[in-house]
Amino acid sequence: RGPAPSSVLVAVMLWTGFVVAVAFYRKGTGDIVVSASALLFANLFNLIGLTICYIAGVVHRRNPHVHKRYMTWASVVIIAPATFRLVRGLGLPPWSAAIGQLVFVAVLLVYDYKRTKRIHRPTWIGTAIVLFQMLGSFTIGSSAPWADLAEALFSSN
Numbered sequence: 001r002g003p004a005p006s007s008v009l010v011a012v013m014l015w016t017g018f019v020v021a022v023a024f025y026r027k028g029t030g031d032i033v034v035s036a037s038a039l040l041f042a043n044l045f046n047l048i049g050l051t052i053c054y055i056a057g058v059v060h061r062r063n064p065h066v067h068k069r070y071m072t073w074a075s076v077v078i079i080a081p082a083t084f085r086l087v088r089g090l091g092l093p094p095w096s097a098a099i100g101q102l103v104f105v106a107v108l109l110v111y112d113y114k115r116t117k118r119i120h121r122p123t124w125i126g127t128a129i130v131l132f133q134m135l136g137s138f139t140i141g142s143s144a145p146w147a148d149l150a151e152a153l154f155s156s157n
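Start counting the sequence shown at 1; every next residue gets the next number (the working numbering).
Keep in mind the hints are simulated off the structure, nothing from the lab.
Virtual Cβ for every residue (Gly too), placed ideally from N, Cα, C.
Keep in mind that a hint or two might mislead.
Distance windows between CB atoms, simulated [stated by the list, open to error]:
1) 26 with 138: 28 to 38 Å
2) 62 with 149: 21 to 31 Å
3) 145 with 12: 10 to 20 Å
4) 153 with 92: 30 to 40 Å
5) 107 with 6: 14 to 24 Å
6) 106 with 142: 36 to 46 Å
7) 111 with 59: 18 to 28 Å
8) 26 with 117: 23 to 33 Å
Model the full assembly from the supplied sequences, consistent with the hints where possible.
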């Protein structure tokens, strides 16, 4: 038996996501909201978040309630680039992309609480990943040490 189709899809997403993130960084593609190195941090952390949630979902595949939550969070943590492109295409300010992702977070928190009167561990973990990615982009991703590391690792020179 070969790998599950979702494993192949995730592997392709990780590879193409990494290639695109580095290409954007090398082109100096930043934005009025974040620098190229902060955007690189956000994109790489999106891929890390996808990996964490997907692997956790696979590990818990025999527990459908936990599995479905991790797989849903895998989608939510990787949706930031798509929401960013959507708001830019609609002519909205770049920061409004964060609102789109935070709506997903809020819906999943409310769903857990309404359904079971508690917030499940995968929901806390997914929320933490999304918030760290957002806040990390403006703090770690915008720092001089990260910019130096990104330059050393990913510069085309």
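Now for the hints, and whether the structure bears them out:
| no. | hint | result |
| --- | --- | --- |
| 1 | 26 with 138: 28 to 38 Å | violated, 22 Å |
| 2 | 62 with 149: 21 to 31 Å | violated, 39 Å |
| 3 | 145 with 12: 10 to 20 Å | violated, 32 Å |
| 4 | 153 with 92: 30 to 40 Å | holds, 32 Å |
| 5 | 107 with 6: 14 to 24 Å | holds, 23 Å |
| 6 | 106 with 142: 36 to 46 Å | violated, 25 Å |
| 7 | 111 with 59: 18 to 28 Å | holds, 22 Å |
| 8 | 26 with 117: 23 to 33 Å | violated, 49 Å |
In summary, the numbered hints that this structure violates are 1, 2, 3, 6 and 8.
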